[in-house]
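S.K.: Sequence:
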Amino acid sequence: MIQFFRSLPSHFATAWRSIIRHISLTFSSATAVTVTLLIVGLLVLIAGNINSFTANIEQDFQIQATISPGVVEDKDIETLQQQIKNIKEVESCTFSSKDAELQKLIEENGEMFGYYAQEDRNPLYDVFIIELNDHKQMEAVCSSIKQLDGIVDATYGGEGITVMVDMFDGLRLGGAVFVLFLGFLAVLLIKNTIKMTIQTRQEEIAIMRNVGASNWYVRTPFVIEGMYIGILGAIIPVLLIMGGYYFVYEAFGGVFLSSMFVMVDFWPFAGYVGLLILLIGIAVGMVGSSLAVGKYLRWKR
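Take 1 as the starting number for the sequence shown in the working numbering and just add one per residue.
These are calculated hints, taken from the structure and not from any lab test. What you were told as hints is all true, and nothing was included just to trick you.
Okay, derived cross-link-like pairs now, BS3-like style, lysine-lysine, Cα gap no bigger than 30 angstroms in a straight line:
#1 Lys75 / Lys85
#2 Lys136 / Lys98
#3 Lys104 / Lys75
#4 Lys88 / Lys75
#5 Lys98 / Lys146
#6 Lys136 / Lys104
#7 Lys146 / Lys75
#8 Lys85 / Lys146
#9 Lys146 / Lys104
#10 Lys88 / Lys98
#11 Lys136 / Lys85
#12 Lys104 / Lys85
#13 Lys104 / Lys88
#14 Lys85 / Lys98
#15 Lys136 / Lys88
All chains should be built: construct the whole structure from the sequences, respecting the hints.
M.R.: Right, here's the structure in full:
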């Protein structure tokens with residue numbers, strides 16, 4: 001182990017000389033990694049913001065259960081409220097009087113509804129505002145609440161909202177699969193590039209093996225070379241992703257199209273994405289190089 005660390009400086013120097021010596025191959029491989037990491041970075045940005053959109057939408061998921069006008073006694077309302085709370089998926093159930101609901105309507109839509117605030121003119125009903133611990137059970141819980149005596153109706157944002165959240169979940173899953181595919185592709189690209197450089201150094205490797213060099217000693221410079229390629233390929237994607245996201249975030253004011261779609265704050269999110277891209281570049285470079293050189297180490301003296 002001590003010998004390994006002592007030899008690291010010479011391995012880094014050897015890897016850098018190989019990068020310079022095979023600059024055309026390095027450039028082609030780094031370019032391929034750049035394109036791959038740029039796409040990966042875009043997908044990570046999109047996935048992060050989809051998570052933000054979904055969390056924001058799910059916070060607004062509520063069921064509004066309309067109480068029958070015949071339920072006026074406090075004890076009856078409390079009994080009905082407890083029945084709703086006993087439903088497994090219900091996280092909270094809050095009573096809101098028809099006067100409170102009318103006041104919300106006036107605040108949201110203006111004094112045009114102020115006419116109904118006068119005595120005996122309020123056409124609204126008392127309601128329960130219900131929040132769930134699993135938005136996917138929204139429709140099933142609505143059906144259960146409607147069956148309770150004393151409930152006129154139970155409504156929520158509609159199927160369009162749940163379909164949107166399910167679509168976001170599908171996009172996240174598809175994006176994750178695509179990122180893995182691109183990572184695999186980047187490993188193959190670097191592997192093939194390192195193979196070309198190894199083929200020009202087979203005699204050097206054979207000499208090293210014949211004088212007793214261990215596998216790790218032969219492998220290490222190539223792994224470091226792959227790391228260099230990964231770093232070089234990650235520089236442009238990191239700059240473009242961070243700069244591009246800052247521009248888009250400032251242009252939209254942190255809100256995409258509507259207040260429902262609040263974007264993730266630029267910092268530290270963009271910094272994390274940039275660091276992730278750099279680490280992915282280093283990882284695929286080292287793995288690709290290790291796989292490429294492995295073939296030339298499987299022989300017996």
